[in-house]
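Student: Now for the letters of each chain:
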Amino acid sequence: MDCLEHVGKALFARYGIAVPRGAVVSSLDAAHAVASPVVVKAQIHVGGRGRAGGVRVCGNEVDARIAVRELLGSTIAGCHVASVLLEEFVDAAAEYYVSLSYDTVTRSPVLAVSVKGGMSVTDATTTPVDIRDGVTDAAIVSCLEREAVPAVHRTSIAEAIRKLWRCFDEEQLLLAEINPLFITRDGRAIAGDAKVVLDDDIVRPQERRFLSLGGDIAILASGGGASLLNIDALLGHGGRPANYTEYSGNPPADVVRDLTVRVLSQEGIRGCWVVGGTANFTDIAATMEGFVAGLRQVIPKPTYPIVVRRDGPRQAEAFAMLRVVAEREGYQLHAFGSETPMEESARLMVKLAYGDTGR
Amino acid sequence: MAILVDESTRVIVQGITGKEGARATAEMMRAGTHVVAGVRPGKAGEMVHGVPVFDTAADALRAHPNANASLIAVPAPAVRVAALEAIAARIPLIVILTEHVPTRATAEVLAAARDAGVRIVGPSSVGILSVGRGKIGAIGSSEIADVFRPGRIGIISKSGGMTAEIAVALRRGGFGVSTAVGIGGDVLIGSDFVDMLRCFQDDGETDAVVCFGEVGGCYEELAAEYLATNAFTKPVVAVVAGRFTDQLPIGTTLGHAGAIVAKGRGSYTSKVTALRNAGVAIADRLEEIPILLRKAFYERSRVKEEGLCPTFAKA
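Residue numbers (this note's numbering), protein chains in the order written: chain A, 1 to 359; chain B, 1 to 315.
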């Protein structure tokens with residue numbers, strides 16, 4: 001889960017990283033808290049916010065109020081702006097880039113530093129970090145040396161990196177990025193921005209990933225691999241997926257039920273595709289019980305076609321139950337096992353949802 | 001031969017008293033694999049499916065010094081300690097079944113495993129199955145045992161669910177499986193495609209390998225780098241899931257760090273391009289896998305000469 005800038009900055013501040021004085025406002029009335037000049041920054045989860053016009057530098061309070069009025073409620077890079085951060089303008093002598101994240105090559109945290117902080121950063125000097133030792137002073141020195149950071153800035157940058165590591169390590173973050181890291185004329189390091197990604201497996205381990213794709217075929221996929229592969233297949237047949245989601249592992253029936261309700265409560269659904277491979281150990285009967293329980297809770301009652309393609313332990317039992325439910329309760333349900341390729345069920349789903357010719 | 005798991009495998013199950021641990025234990029025993037001990041702190045002396053339970057991995061190993069693999073099926077917050085225990089006991093193969101392990105915990109476990117020279121498979125691994133020889137984990141349960149037909153194709157998959165589905169496609173196309181490995185789809189994993197390809201290269205009972213990759217991370221690109229060196233001499237067919245994500249707005253989740261550290265790798269296009277350039281056949285649908293395998297065998301002119309295709313059990 002990524003944090004908005006002001007949340008990330010509050011976290012950094014707790015670890016002693018200096019951030020500009022500022023205030024978050026979500027209405028115009030509150031917009032005169034910070035002395036001029038001021039930077040007005042849209043609080044949105046979008047990269048390239050500066051280029052998209054989400055950051056304004058204002059010389060006086062009048063301009064600041066105009067910027068707040070224009071930004072609040074606007075849409076930047078497809079993202080609604082619900083709040084803005086008003087911050088003191090930092091007169092920086094230099095702007096650096098500093099981050100800690102994970103590298104899948106070394107399978108360890110990695111420190112990245114660049115002398116070209118700001119919007120145009122594309123490359124950086126990187127150093128893998130042994131998670132048990134943390135970022136050592138030797139690693140920092142070597143990184144700053146290789147990146148040719150001017151000697152006068154090294155002490156304050158090194159101190160910021162040490163604090164950033166403590167934050168990254170203790171909060172078990174996936175990313176802690178400061179871009180730009182300002183160095184003021186009197187040599188202080190101040191975090192000009194904060195990009196923080198929390199580990200979902202720590203902060204919300206029970207929650208299922210859900211991504212709206214804007215289409216009209218609701219998808220319940222078993223596992224990330226099935227979800228990705230089948231959305232590809234559906235698109236290939238001209239289908240419009242409404243969502244990406246998945247229930248992985250061996251989910252209890254109530255988890256599937258709740259996910260079913262969520263997926264089928266999306267607007268404008270024209271078909272429901274319950275799709276998965278041949279399960280190794282997932283109890284298909286429990287999964288389908290959950291699905292049916294969810295289906296019964298959806299209002300209005302789904303009249304669109306439902307295509308189920310799934311196989312694995314207790315599949316025969318599950319499908320017998322599905323057929324009885326469909327017949328007695330009047331659902332347009334078609335169930336297939338592994339004798340029908342997933343790809344074929346995608347084609348059928350599209351055909352049933354849109355008709356032979358219609359879209 | 002197969003890889004990693006065979007008749008000599010002796011497994012301890014950490015978290016044997018839990019739902020998934022007990023179930024995997026029963027499944028492994030049904031597949032003929034020797035489960036010699038279980039671990040659950042505070043439950044020493046109990047039995048699960050006739051398997052004795054110990055408080056620690058070290059205790060289990062003292063009582064059963066022939067154990068050479070561990071299956072970790074403890075809840076996510078307990079994985080770090082369980083894995084470090086198994087590593088300290090120098091168990092050479094540790095398979096982590098648990099999903100949703102925090103990345104920080106995985107990083108620490110992998111660092112310790114590297115120092116100790118221990119192999120980790122997972123987290124989020126569905127397991128390892130050497131068809132007809134034995135297995136570690138929940139892969140290929142007895143209820144779908146006929147899905148995995150013995151044969152000479154290796155499977156390496158990030159997705160547990162798709163592992164069996166690939167076996168279905170192979171069976172339909174007249175092929176069988178030597179060993180199937182679920183490597184897990186997490187950001188950090190203990191064994192990647194390259195590690196497993198190296199094992200399959202040395203396996204005289206595997207003629208080709210099917211890889212199932214997904215967008216994200218750069219394990220597929222690393223596999224392509226390895227395959228481009230020609231160190232791997234057998235045909236490889238790959239499926240990469242998530243083509244549609246290339247059309248989505250560029251993910252901002254990883255900030256600039258994502259771009260800087262990954263250097264442009266991670267997308268569907270990056271993975272497929274790298275794999276194709278390394279000579280890998282890309283299957284757009286699972287049903288194409290056997291066709292591409294047959295084509296690869298034919299192109300190598302080995303079909304007639306060595307009678308490699310199609311290949312069922314050879315007793």
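By construction, these hints were calculated from the structure, which means they are not laboratory data.
C-beta: ideal position from N, C-alpha, C; glycine also.
The reader is advised that the hints may include incorrect statements.
[What the hints assert, rightly or not] Straight line, CA to CA, 30 Å or less: simulated DSSO-like cross-link-like pairs of lysine-lysine:
id, chain 1, residue 1, chain 2, residue 2
1, A, 116, B, 263
2, B, 295, B, 234
3, B, 263, A, 163
4, A, 116, A, 163
5, B, 263, B, 295
[Stated by the list, open to error] Using C-beta positions, here's what the derived DEER-type ranges look like:
id, chain 1, residue 1, chain 2, residue 2, range
6, B, 47, A, 142, 25 to 31 Å
7, B, 273, A, 159, 39 to 45 Å
8, A, 146, B, 284, 18 to 24 Å
Student: Taking the hints in turn, state whether each one holds.
Tutor: For each hint, the structure was consulted:
no., hint, verdict
1, A:116 - B:263, "holds, 17 Å"
2, B:295 - B:234, "holds, 13 Å"
3, B:263 - A:163, "holds, 26 Å"
4, A:116 - A:163, "holds, 21 Å"
5, B:263 - B:295, "violated, 33 Å"
6, B:47 - A:142: 25 to 31 Å, "violated, 54 Å"
7, B:273 - A:159: 39 to 45 Å, "holds, 42 Å"
8, A:146 - B:284: 18 to 24 Å, "violated, 43 Å"
In this structure, the earlier hints numbered 5, 6 and 8 are contradicted, and the remaining ones agree with it.
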